[in-house]
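Just so you know, the protein sequences line up as chains W and S, in that order. Per our numbering, the first sequence starts with residue 654, numbered consecutively. Per our numbering, the second sequence starts with residue 3, numbered consecutively.
Since the hints were derived computationally from the structure, they do not count as laboratory data. Please read all numbers here as calculations on a predicted model, not as lab measurements. All C-beta atoms, glycine included, are put in the ideal place defined by N, C-alpha and C. Some clues are possibly wrong.
What the hints assert, rightly or not - If you want a taste of the chain S side facing chain W, the calculated C-beta under 10 Å gives, among others:
no.: 1; residue: Arg94
no.: 2; residue: Val98
no.: 3; residue: Gln103
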Amino acid sequence: MSNRSFALLRPAPSVLPGWGFTMGLTLTWLSLIILIPLAGVFVRSAGLGWDAFWTLAADPRTIAALKLSFGTALIAAGVNVVFGFLAAWVLVRYDFPGKRLFDAAIDLPFALPTAVAGLAFTALYAPNGWIGSLLVPLGIKVAYTPLGIVVALIFIGLPFVVRSVQPVLADFDKELEEASATLGASRLQTVARVILPTLLPSLLTGFALAFARGVGEYGSIIFIAGNIPYVSEIAPLLIVIRLEEFNYAGATAIAAIMLVISFALLLLINLLQAWNHRRTGIQA
Amino acid sequence: MPRAGGTNATRADERHRPSPVRIDVEELGKSYGSFAALDNVSLTVKPGELLALLGPSGSGKTTLLRAIAGLTATEEGTIRFDGEDATVLSLRERRVGFVFQQYALFRHMTVFDNVAFGLRVRPREERPRAGEIARRVRRLLELVQLGGLEKRFPSQISGGQRQRVALARALAIEPRVLLLDEPFGALDAKVRKELRSWLRELHTETGLTTVFVTHDQEEALELADRVVIMRAGRVEQIGTPSEIYDEPATPFVCEFLGGVARFEVTAKEGEADVLGSLFPVEGDGDYHGPALAYVRAHEIEIVARERAEGVPAVIRAVRPFGPTVTVELSIEGRASRIEAEVPRELYSGGELGIGQGVFIRATSARIYAAN
Numbered sequence: 654m655s656n657r658s659f660a661l662l663r664p665a666p667s668v669l670p671g672w673g674f675t676m677g678l679t680l681t682w683l684s685l686i687i688l689i690p691l692a693g694v695f696v697r698s699a700g701l702g703w704d705a706f707w708t709l710a711a712d713p714r715t716i717a718a719l720k721l722s723f724g725t726a727l728i729a730a731g732v733n734v735v736f737g738f739l740a741a742w743v744l745v746r747y748d749f750p751g752k753r754l755f756d757a758a759i760d761l762p763f764a765l766p767t768a769v770a771g772l773a774f775t776a777l778y779a780p781n782g783w784i785g786s787l788l789v790p791l792g793i794k795v796a797y798t799p800l801g802i803v804v805a806l807i808f809i810g811l812p813f814v815v816r817s818v819q820p821v822l823a824d825f826d827k828e829l830e831e832a833s834a835t836l837g838a839s840r841l842q843t844v845a846r847v848i849l850p851t852l853l854p855s856l857l858t859g860f861a862l863a864f865a866r867g868v869g870e871y872g873s874i875i876f877i878a879g880n881i882p883y884v885s886e887i888a889p890l891l892i893v894i895r896l897e898e899f900n901y902a903g904a905t906a907i908a909a910i911m912l913v914i915s916f917a918l919l920l921l922i923n924l925l926q927a928w929n930h931r932r933t934g935i936q937a
Numbered sequence: 003m004p005r006a007g008g009t010n011a012t013r014a015d016e017r018h019r020p021s022p023v024r025i026d027v028e029e030l031g032k033s034y035g036s037f038a039a040l041d042n043v044s045l046t047v048k049p050g051e052l053l054a055l056l057g058p059s060g061s062g063k064t065t066l067l068r069a070i071a072g073l074t075a076t077e078e079g080t081i082r083f084d085g086e087d088a089t090v091l092s093l094r095e096r097r098v099g100f101v102f103q104q105y106a107l108f109r110h111m112t113v114f115d116n117v118a119f120g121l122r123v124r125p126r127e128e129r130p131r132a133g134e135i136a137r138r139v140r141r142l143l144e145l146v147q148l149g150g151l152e153k154r155f156p157s158q159i160s161g162g163q164r165q166r167v168a169l170a171r172a173l174a175i176e177p178r179v180l181l182l183d184e185p186f187g188a189l190d191a192k193v194r195k196e197l198r199s200w201l202r203e204l205h206t207e208t209g210l211t212t213v214f215v216t217h218d219q220e221e222a223l224e225l226a227d228r229v230v231i232m233r234a235g236r237v238e239q240i241g242t243p244s245e246i247y248d249e250p251a252t253p254f255v256c257e258f259l260g261g262v263a264r265f266e267v268t269a270k271e272g273e274a275d276v277l278g279s280l281f282p283v284e285g286d287g288d289y290h291g292p293a294l295a296y297v298r299a300h301e302i303e304i305v306a307r308e309r310a311e312g313v314p315a316v317i318r319a320v321r322p323f324g325p326t327v328t329v330e331l332s333i334e335g336r337a338s339r340i341e342a343e344v345p346r347e348l349y350s351g352g353e354l355g356i357g358q359g360v361f362i363r364a365t366s367a368r369i370y371a372a373n
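If we strip away everything but chain S, and leave its shape as in the complex, we get:
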C-alpha cells in the first residue's frame, strides 16, 4: 500500500533515533582552593528524563552541568553515560549538546553556518556531504521554528531567536545528552513563558536525556520531570515537582521555594504551636526543643473576628491582583510581615481594610527540628 512520503520519512527518523542515555554521577567532587564547588554529589538522570538543577548562585549547579559536559575537570568521582565512564572521553567523543547561558553563538557566522558548524568540523570520513548538511540544518531550523532566518547574523535576530539557534546548533551534532545552562536567564518574562512550554514540547519530540540549570524555582517545578535542589555543592533534595513542593526535605528547600513565612518555635513532645494551632515536627514524634516552622501564604487563614481563633494581627497592605488577594499582616513580637493569600470574595466583601485588626491562623505547617 502506498504511503505518504512525509509519514515514511518520520517513521524512518524514529527508527534511527538511538535510545536515550542514562547519566550516573557518582561521588563527584570539585574544589576551587578551599571552596568546595561540588561535594560528594551523586545522582542519576533517567533515560529521556528532563531534569532541573535548581539552587541559588554558588550552589554548584552550573559546575555540575559543566562537569557532565566535560567542560570542567573534576577531582573526584565519575560520570557515566549508559554505564560507560565519560570522564576519560574527550569533548568530541562525549557528544554532549551544550547550550550556554549567553548562547555563545559565533558572531561572524550566519544562523545557517552556526548550526552547520558541528557537522562541518567532523573528520572528513564522518562528515556529511554539503547537500546533506544543508538538509539537516534546514530541518533543525524548522524544528526550532526559525525557517527563513538562515542568512541572518546573530546580531540581527532577537534574544529568543538566538537561544533557539543555540539549541539547533547543539542538536545538530546528534548529541547523546542535552545540557542547558540557565536556558531562559537572559530573556524577558514574556518570552521566557513561551520558550518554556516550547522547550517542554521539544523535549518530548527529541526524547533526549536533558539536564538544565536554573535558579528560578517556578521554572524548575513547571518544566522538569524531576528537580535536584542544590546547596553549597551538595544535593539537598531530589524529587518530582510535587514531591519537592509537598514534602520539602529541609528548611533550606522550604525557604528556597519561597512564599513561606518562617517562625521560630519551641516543640514539646513532637508538636509545636504555630499561630495558635499545634502541628507535628517532621520525622521525630518525641522532639523537644527549638524548631523552625514554615507556613505557605495560602495556608494562612484570616478568621472572622467573632470567632477569635488563632492570633491577633493587623492588616498592613493589600495586593488585590491575581487569582487570590495577597494580604500583608503584622503580628505582635515579629519584625517581618506575614503574607497571606485569601479568596477574592473576602476582599470584594470589603472586609480587608488597611490598619484593620483581624485574627489569623495556620491551616497547615511544616516544622523541622533546629539542630
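Isolated chain W, as found in the complex:
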C-alpha cells in the first residue's frame, strides 16, 4: 500500500538522475524553514479548544484589525499594479539620463529598514509635514489613518510589481505592437488589448507578492498608522500587543487566522494564473 502511494508520487522514470536527491532536499528544507514553524502556530492555537478560539477570533477588535490589514494590503497592491506597470514601462521602453539610478532606486524599499521608511512617511504626511500640510486644507488626513497605512504599503510593495513585470516587458515581442498598429489599432487600444493581456500573469505575480508583503508588514506601519484600536490598528500589531499581555493563545489565534486567509488568497491567485495559462498558454 505504502509502496504504491510512493510510486504515485514518483514521476516517470528519467534517464537523468537527481529526482530523489533534489526532491528530498527541498522537502527537508521547506519543512525546516516553513512548514514546522507554521504548524507550531496551529498546534498552539489548537490547544485553546474550539470555543475559546472562536471567542478570540470573533472579538470585534481582532476582526477590525484583520479587515484593516487585508483591506489596506489589497488596495496598496492594486495601486502598485498600476504604478509599478508604469515604472516598468518607463524603465524598459525609454532611455533617459539617470535611468540606472532610477532603476536602482526601485529596489530601495527592499533594502531600507522599514521602520526608517515609516518614520520618513510620518514626518512627511503628518499634518505639519511637507506634504501633510498641503493636504490639510483639502480635508485629507494621511498620517495616523488607514490612508497612511496604504501609503506605506505602496512604498513597500512597489519593487515586487516592477521586478515581476520588467523582464516580461523587456522580452515583449515588438512585432505584436506593430501588427496591432498595422491592423488599425490606436496606441491606447494596443496597450489595452495586446500588451496588458500578455503581461497579466506577471502583473498577477507582482500583485500577489506585494499583497503578501503588505499583509505581513509591521515596521513602517506602526509609525504612520497611529495604532488606534478599531481604526488604524493592524493585525500584526495586535499580535504583538497580545504577546506583551502574555496572552500567547490570543496571539497565535490571530496568527492562525491570518495564515489561513493569506494562504487562501495566494492560492486563489495561483489558481487564476493556472487558469489563464491553461486557457492561453501564456506562462507566468
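Fit chain S to the given chain W structure using the hints.
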C-alpha cells in the same frame, strides 16, 4: 430570372472589390548610422501584381517592405499608393495588410478574435456590428481553409495554420496592399510547397497588389510575377522570373540564383574561353581583360572520351537522384569542384564511375567584364 443565392453574393463581392493599387517607390533612402539599409531605391509595383523582393540577408529587402508598410521611417524619397504620398499617412490610414515572419499572432486571443481584431479596433462609426464582424471573420477563415478552428488559441494550431491565421487577420482590414515578410520562412519543406501554390491561388482570388520578401530564389521565381533582386540596399535587377533566369544582369544575380560554376577568365576581342569553347562577353563586343564566366550545371556536358573535346576532368562524386544525375568533377588548376547535370541514361549506361577521367565542355556561358 431567378439566380442561385451564392452566385449573387459572389457577383456583389466582385463589384465591390476596389481596383488594385499601384505602388511607386521613389529614390528611397534609409541608413542606420553609416550602414545604408536602403540606397536610392526606386521601383514600381504594378496594380494587382505579385512581386518578390529577393536577396541575401542584409540586402535591405525587409527594410524596404517595412518602409512600404510604414513600420520603418525612411529619410529620403517617397512611397506612393496610386500616386498619393503614403509617407505622410499613419499606419491606420495606410491600410496595409502585413504578415510578419513569425506571424505575430496575439497569443491570448482565439483564432476568431485574432482575425476580428482589425475590425473591432475601428472607430465606433466605422466599426461593423458584431454579427457582421462574425460573418466576415467566418468568410475569411473559409478563404484560408481554417473553418472550424475559430475557438483555438495560436498555441493549439500548427505553424502552417498560424501563417494562414496571420493572413486572414491581415486581409480582414480590407487592405489596399498585402505585404508578406518571409511568408514561408518558419515552415518545414513540405508545408512550404503546399502553401506556395495556395498563396498563388489566394492572390488570384483577392487580386491585391502583393509584395513578399524571401531569400529563397526558387520560391521567388516560382511564385512571383516579377522579382526584384536586392543587394546591399540597392536594386540589382528587376524582371520576370524568366528574364531573371535567362538574362541575369550582373555576376551577383548569377551567383545568387545559384547552381553555377564560376570561372575567372581573360577575354580577347569580346570573347573568352570557357572549358575549351569561346563565348561572347555580355554587352561589350570588344572587351579585353579579366572577366567572370558562369556556367550552369545543366550547361556542362560530359563528352564521350573518344571525341576528346573540351577539357579533361575527373569524376569525384555522383548523386543519382532526381530527374537528372548530378556529377561532381574536378579539373586541373581549380580548387573547387564543378557540378554537372547529365541525363540519367548516361548514368544507367554505367559510364560514370568515381575516379574516372572524362572530358567536359560548356554548351553555354555568361561572361561579365570584371571591373
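Is the shortest C-beta separation between Val98 (chain S) and chain W less than 10 Å?
6 Å, holds
Agreement of hint Arg94 (chain S) with chain W interface, Cβ distance less than 10 Å:
4 Å, holds
Interface restraint verdict for Gln103 (chain S) against chain W (beta-carbon cut-off 10 Å):
8 Å, holds
Violation of the numbered hints given earlier is absent; every hint is satisfied by the structure.
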